[in-house]
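Enquirer: Let the hints inform the model, and build the full structure from the sequences given.
These protein sequence lines map, in sequence, to chains A and B.
Counted from 1, the first sequence has number 1430 at position 23 by my numbering; the numbering is strictly sequential.
Counted from 1, the second sequence has number 783 at position 29 by my numbering; the numbering is strictly sequential.
Since the hints were made in silico from the structure, they are not lab data.
All figures in this text were calculated on a predicted structure; none of them were measured in a lab.
Be aware that one or more of the hints could be misleading.
[Unchecked claim] Simulated crosslink set (EDC-like; lysine to aspartate or glutamate; CA at most 16 angstroms straight-line):
| hint | chain 1 | residue 1 | chain 2 | residue 2 |
| --- | --- | --- | --- | --- |
| 1 | B | K962 | B | D938 |
| 2 | B | K962 | B | E990 |
| 3 | A | K1582 | B | D815 |
| 4 | A | K1461 | B | D824 |
| 5 | B | K978 | B | D951 |
| 6 | A | K1582 | B | D938 |
| 7 | B | K962 | B | E821 |
| 8 | B | K978 | B | E926 |
| 9 | A | K1544 | A | E1597 |
| 10 | A | K1582 | B | D828 |
| 11 | B | K962 | B | D824 |
| 12 | B | K997 | B | D951 |
| 13 | A | K1582 | B | E926 |
| 14 | A | K1582 | A | E1597 |
| 15 | A | K1461 | B | D764 |
| 16 | A | K1544 | A | E1600 |
| 17 | B | K962 | B | D942 |
| 18 | A | K1461 | B | D828 |
| 19 | B | K995 | B | D951 |
[What the hints assert, rightly or not] Here are the simulated distance ranges between beta carbons:
| hint | chain 1 | residue 1 | chain 2 | residue 2 | range |
| --- | --- | --- | --- | --- | --- |
| 20 | B | P818 | A | D1550 | 26 to 36 angstroms |
| 21 | B | G959 | A | R1443 | 43 to 53 angstroms |
| 22 | A | A1573 | B | R967 | 24 to 34 angstroms |
| 23 | B | T970 | A | G1433 | 39 to 49 angstroms |
[To be verified] Cβ-to-Cβ under 8 angstroms is the rule here; a few derived chain B residues that face chain A:
| hint | residue |
| --- | --- |
| 24 | V765 |
| 25 | A811 |
| 26 | G823 |
| 27 | R989 |
| 28 | P991 |
| 29 | I992 |
No residue lacks a Cβ here, since even glycine has one placed at the ideal position from N, Cα and C.
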Amino acid sequence: MAARPRPSSDEAREALRDAMARLAAGDQAALEEIYRATRVKLFGICLRILGDRKEAEDALQDVYVNLWQRADRYDPTRASPIAWLAAFARNRAIDRLRTGKVRGGAVPVEEAAPLPDESPLADMLLVDAEQTAQIHKCLGALDARTQGHIRAAFFEGYTYAQLAEAADVPLGTMKSWIRRGLQRLRACLEASEAA
Amino acid sequence: MSAPEDTGPDVTRDDPMIAAEWALGLLEGEELLAARGKYATDPAFAWRKEWWDDWFAPLSDAIPGAEPGDHVWDGIAARVSAAQAVAGTPAGEPVAGSNVVALEARVRLWQRVAGLSSIAAAALLAWVALTPSQSPVAPQPAQIAAVAPMVATVPIGETGLRLDVTYIPESERMVVAAIGLTPDGVHDHELWLVPADGTPLQSLGVVKPGEVRSMTLPAAAVAKLGDGASLVLTREPIGGKPKGKDAGPVVAKGAFSRV
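Expert: Below is the structure:
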C-alpha cells in the first residue's frame, strides 16, 4: 500500500466518513480506502481481545467483509466513523472469542507487530476528545474495584465467570458488582448528555 | 467503609442492563444469541446497545495499534469477489455491474431487515455444532450466506414483555428467550407452531419464564417452519396442555419472518 501524505485529523475523519458513505452507496473501491485508513487500529483491537495473531487476522477479515455487507448501517449522526468501526471490530472479535476455541486474553507486547513509520492516519484514530474525557470521568467515579472489573471486561474480553475466578468471589457477587457499576455508569453518562 | 457497589438492592436485570452487558462483552452462549435476536427485532434494545457501544468506543484508544499481514487484504478482496460471483451471477459468467448492484442491495436488505449479520448466523451455527448431541459437522463458511435466520417476536399483551424466537433453517434448533417473564406458580405457557398451510398446530413445548432455551425441533415442525408460519402462546396448567383436552386461551402471537 502506497504511503500518502498524512492529512490532518479533521480531514482524515471527513475522508473516512465520505468513504463509508460511498461504500454504502455500492462503491467497492471505498472498502480498500477504509481498510488502509483503519486497519492498524482495528487489528490492534482484534489482537488485544483474541490474543492470537492468526485469529485476529481472521477476525479482521470478517470485520471488513461484514462492513462491505452492511456499510449502510453506519449512521453518521450517531458516532464518529472510527468510534463506530472500533466498536464494530471489538464486537466481531468478542463474537469470535465467545463462539470459538480461542483462548483470548491480553497480547504479550512482543507479539504485537511493530508499526510502520507512516502508521496509517494515526492522529485520526482518536475518538472525539470530549466523549473520551466523559467516559473516563464516569468510570473514574466508580470505586476502584468495580472500575477494574469493567475495564478488564472491556480490554481483556473476560466473561463474568472469568472475572469472578480472577477476583476469587462467587459468580453472583461479581454480577452484582458489575451491574451496579453499569447502572451508575449509565446514570453518569446520561447526566453528561443532559447537561 | 464499604464501596458503594457493595450496598443497596440488586440491580434489576432489564433490557437496558442486558444491552450494557452485551456491549461490554459479558454475554455468552444462549444469552448472547437471544440478545442478537432481540437486537434484530427490538429498536429500543438496539438503540441502547449502540448507545453503550458509542460510549465505550473511546476506551479502545488505549489499545495500541498493530499492523496485520499483507495477506489479510487479499483475503478480504477475494471473499468480497467470491460473494458477488456466487450470489450475483450464473456460474461462468463475468460479474456484470448491474448484478453487483443487485447483490449488494440484496445483501443490505438482508442485513437491514434482520440486523443479524452473517457472523451472527455463523456464530449460532458454530454454537449449535459445538453443542453436545448435535451434528458433529462444523458449518462451512460458504454455507453460511445461504442460511438466513428466521426470527419471530411474540409480544405478551400490553405488558411490554415478549418472547424472542430465533430459528436458523437447516439447524433444527430454535432459541426461545423469555427473559422478562416470571412464573406465576399456577400456569405454564406453551408455544405452538401455526403452519402456513392450515394443518394442525404443533406444540413446541412449554416456555421457561426468565430463561433462554435452545430446543431441538421435531422433524414435523421443521417441515412446517417456512414463510408465513406463525407462533401462538397459550396459557396452560403447570406442565403444559393436558392430553385429551383443548389448549388454553391464546395469550400472545407472532409471525416468523425470514431475514
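Enquirer: Honestly, which of those hints from before does the structure not fit?
Expert: 3, 6, 7, 10, 11, 12, 13, 14, 15, 19, 27, 28 and 29
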